[in-house]
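Student: As a plain string of letters, each chain reads:
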Amino acid sequence: MTGSGKGGRVLRYMNAEMLESARAARGRIQEAAREQVQGHLAAMRANDRPRAMAYFDGMADPFGKRAEELGRFRASGGRVVGTLCYFAPAEIFAAFGAVPVRFCSGLYEAVHPANDLLGDAGLCPLVKSTLGLKMSGASPVLELCDLVVVPTPCDAKLKLGEILQDTVEVHLMNLPAVKGTEEGRASWMNEIKGLVRRLEGLYGVRLMPRMLRKAIATYQRAQAAWRRFSALRRKGGIWGRDALLVAQVSFHDDIARWTENVNRLCDELEGRPPVAPEAARIMLGGSPVIWPNWKVPLLIEESGGIIIADELCSGSRTMYDPVVVGEWTMEGMLVAVAERYLVPCTCPSFSPNLDREENMLRRMREFGAEGAVFHVLRGCHLNSLDATKANVVLRRERLPMLKVESEYDEGDLEQVRTRIEAFIEMIRARREQSG
Amino acid sequence: MGALWTKIALVGDGKVLATGSVRSTMRPAGPARELADVLLGKAGLPPGGGRMAATGVGRKNIPGASQLTDLMAFSRGARFLHPAARLIVDLGGQGVRLIELESDGTMSNFTTNEKCSTGTGCFLDIMAAALGVDPAHMGTASQNAREPAVINTSCTVFAESEVVTLVAKKRPKEEIVAGLNEMVAKKVVAMINLAGTKGDVLLAGGVAMNAGVVAAIERALGRKVVLPPEPNMVGAVGAAVSLGGSR
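Those protein sequence lines, which keep their order, are chains A and B. Using our numbering, you'd call the opening residue of the first sequence number 39 and step up by one each time. Using our numbering, you'd call the opening residue of the second sequence number 649 and step up by one each time.
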């Protein structure tokens with residue numbers, strides 16, 4: 039059964055009633071999101087934090103100031119492209135003058151419209167929420183997008199990219215599962231070139247080297263600022279929940295302005311004492327934690343811990359690695375961009391993925407982390423399996439790890455809290471014992 | 649305070665003097681106090697006396713009691729009951745937890761089941777209901793089984809329908825119960841093996857009162873485990889012990 043969707047698109051999987059009921063939920067999704075955002079910000083502000091966080095707080099409402107700004111940008115002929123993963127290369131969009139906006143959703147209420155289509159099939163809540171967000175039309179920014187670029191790291195995102203085509207133009211990027219081979223790198227390079235061709239066709243512009251050079255340089259400044267910030271986190275001058283917010287404002291912000299504000303925050307952090315010197319130093323890893331799904335970070339930091347480092351694709355990994363260009367030719371730049379997104383990434387979609395365990399270990403030692411919390415979104419099998427592997431490896435090094443599974447609702451809040459409290463208490467007991 | 653039962657232990661002079669349990673409710677403070685007074689009476693002590701410590705999920709609902717987390721309570725309880733314990737396996741109403749201990753009794757690691765009730769007290773209660781067996785008799789009901797039935801799924805809902813199917817096929821109840829006990833044991837032993845502890849394993853929690861599960865755990869593990877006289881009281885004893893200083 040097919041029907042007609044917005045902009046003349048054919049509804050292959052959804053139907054008109056389903057979309058109508060999703061759109062009726064728009065107000066509820068927006069209201070719940072605002073409530074969650076304001077609630078979290080109030081909790082975060084109640085503690086000692088840098089003044090420069092005010093900028094990022096101002097950008098935290100997904101339907102707020104930045105949405106209005108992008109609305110005006112689009113109305114005056116600006117280009118906006120949606121992305122659904124770390125792997126969508128920001129430099130390429132920026133080279134076309136387009137603002138990339140990452141739409142992985144952390145909104146609990148947006149899960150419900152997607153359930154009308156998918157049923158409650160134990161699927162990753164992040165993916166369901168993202169689909170529900172599009173079905174409902176609740177995100178004004180997502181509605182502005184010319185195209186949504188969906189890399190395929192996991193089954194859920196693969197199918198999300200397929201189903202989303204009922205409502206928006208989608209470009210899928212086939213991510214190789216084995217990245218360490220010549221063939222893997224070559225296939226990803228082809229995907230990057232395919233994306234360039236798609237954008238050239240969409241905008242009727244040929245990509246010139248100077249356009250890409252400028253975009254790479256802009257992002258290199260952002261990446262440098264983020265690495266400076268990451269190193270400063272070691273001193274404990276900022277809560278992990280604030281650091282993650284800083285990372286995620288980059289999902290939709292003007293990147294030059296974001297860079298400026300990260301550097302401003304760094305200046306302030308240089309001379310700042312630790313916010314919680316006695317807290318248990320935690321490394322947070324696992325499934326993406328997407329604002330405002332701040333359940334796990336808040337629970338860790340309310341229970342006597344501080345997230346001193348993370349290995350999340352929605353946190354440290356977002357901006358950490360620079361694009362390293364060997365030759366500033368078109369080919370050289372495209373290779374550099376392709377490698378930047380593929381090689382250092384430790385997404386559980388890759389196999390083998392020894393980098394992930396090793397990075398976790400190395401960063402835990404570097405940052406003096408006393409334990410790791412490995413967060414797994416219910417239904418994210420890849421992260422669940424990587425958690426098992428990480429646990430074995432960390433245990434060998436006598437580093438404790440807690441795997442916590444959670445969903446997009448408040449129902450598991452107390453269960454997760456009990457586990458996290460106990461974990462932090464154990465770390466403290468270990469500390470007393472050794473010190 | 650567990651997910652299903654609130655357990656109270658009265659400890660004095662280095663001994664467990666009395667124990668009792670009531671169903672956990674939304675308002676646990678009243679029933680807990682009443683039971684505490686009954687226990688004090690049994691020990692010949694005046695009601696309302698002594699000091700109280702609370703642990704478990706609902707511990708914050710007990711006014712006037714000092715608080716400690718479950719992990720701490722179990723560690724203290726295990727050390728009190730069996731100082732040589734290096735691994736505590738708590739088979740609770742809604743969770744399976746493993747706590748690893750150093751030789752001085754401090755925790756070195758712990759693991760829990762994730763958000764799934766399989767292998768817990770709730771799981772066995774539901775299976776008992778499906779079989780029409782008294783939950784308290786799940787341990788002894790399997791004693792005469794010739795061959796345990798194989799339960800393929802660990803999901804509570806599907807396992808229940810598997811059990812119903814086995815009943816319909818006229819499989820003897822004792823064999824189905826034995827199969828369930830084996831299944832629970834297998835899951836628990838996998839967690840124990842991952843912890844890799846060489847020292848004494850102490851079982852705690854209500855499910856440890858099920859002799860069938862305990863025997864199946866020992867078989868799968870290939871060695872004896874330590875079973876305290878009242879495994880469901882380990883946490884409560886630990887909470888009480890925590891009031892008396894380090895011992």
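If you are wondering where the hints come from, they were derived from the structure by calculation, not from laboratory data. Some clues are possibly wrong.
For each label pair, taking beta carbons as the anchor points, the in silico distance ranges come out as [as the list claims (entries may be wrong)]:
#1 A/E69 - B/P694: 33 to 41 Å
#2 B/K663 - A/E340: 47 to 55 Å
#3 B/E750 - A/K427: 49 to 57 Å
#4 B/K872 - A/E220: 39 to 47 Å
#5 A/A62 - B/C803: 53 to 61 Å
#6 A/E69 - B/M674: 25 to 33 Å
#7 B/A816 - A/E73: 32 to 40 Å
#8 B/V805 - A/E340: 39 to 47 Å
#9 A/V381 - B/C803: 53 to 61 Å
#10 A/D95 - B/Q715: 54 to 62 Å
#11 B/E750 - A/A80: 37 to 45 Å
#12 B/K872 - A/E69: 40 to 48 Å
#13 A/P382 - B/K846: 37 to 45 Å
#14 B/E682 - A/E340: 49 to 57 Å
List time: in silico SDA-like cross-link candidates among lysine to any residue, alpha-carbon distance up to 25 Å [unchecked claim]:
#15 B/K708 - A/H78
#16 B/K846 - A/H78
#17 B/K708 - A/V430
#18 B/K663 - B/R699
#19 A/K427 - B/K708
#20 B/K846 - A/V430
Here a beta-carbon is modelled for each residue, glycine too, at the ideal position from N, C-alpha and C.
Student: So, for every hint listed, does it hold in this structure?
Tutor: Do the hints match the structure? See the list:
1. Restraint check, A/E69 to B/P694: a C-beta distance of roughly 56 Å breaks the suggested window 33 to 41 Å.
2. Restraint check, B/K663 to A/E340: a C-beta distance of roughly 38 Å breaks the suggested window 47 to 55 Å.
3. The beta-carbon spacing between B/E750 and A/K427, approximately 25 Å, falls outside the hinted interval of 49 to 57 Å.
4. Range check, B/K872 to A/E220: about 55 Å between beta-carbon atoms, so the 39 to 47 Å window is missed.
5. A C-beta distance of roughly 34 Å is found between A/A62 and B/C803, which places it outside the suggested range of 53 to 61 Å.
6. For A/E69 paired with B/M674, a C-beta distance near 29 Å keeps the hint of 25 to 33 Å intact.
7. About 50 Å separates the C-beta atoms of B/A816 and A/E73, a value inconsistent with the hinted range of 32 to 40 Å.
8. For B/V805 and A/E340, the Cβ-Cβ distance of about 34 Å falls outside the hinted range of 39 to 47 Å, so the restraint is violated.
9. Taking 53 to 61 Å as the suggested C-beta distance range, the pair A/V381 and B/C803 does not conform, at roughly 39 Å.
10. Taken as a hint, the range 54 to 62 Å is violated for the pair A/D95 and B/Q715, whose Cβ atoms sit roughly 34 Å apart.
11. In this structure the hint that B/E750 and A/A80 lie 37 to 45 Å apart at CB holds, the actual value being about 41 Å.
12. Take B/K872 and A/E69: their Cβ atoms lie about 59 Å apart, and the range 40 to 48 Å is violated.
13. Restraint check, A/P382 to B/K846: a C-beta distance of roughly 39 Å satisfies the suggested window 37 to 45 Å.
14. Here the CB-CB span from B/E682 to A/E340 is close to 33 Å, at odds with the stated 49 to 57 Å.
15. Of the pairs offered as hints, the one joining B/K708 and A/H78 holds, with about 23 Å between alpha carbons and a cut-off of 25 Å not exceeded.
16. Pair hint B/K846 plus A/H78 does not hold up; C-alpha atoms about 45 Å apart against a cutoff of 25 Å.
17. For the suggested pair B/K708 and A/V430, the alpha carbons sit about 34 Å apart, so the restraint of at most 25 Å is broken.
18. This hinted pair checks out: B/K663 and B/R699 have alpha carbons roughly 15 Å apart, not beyond 25 Å.
19. Restraint check for A/K427 and B/K708: the C-alpha separation of about 36 Å exceeds 25 Å, so the hint is violated.
20. The hinted pair formed by B/K846 and A/V430 meets the criterion: a straight-line CA distance of about 17 Å does not exceed 25 Å.
Consistency with the previously given hints fails for numbers 1, 2, 3, 4, 5, 7, 8, 9, 10, 12, 14, 16, 17 and 19, ordered from lowest to highest.
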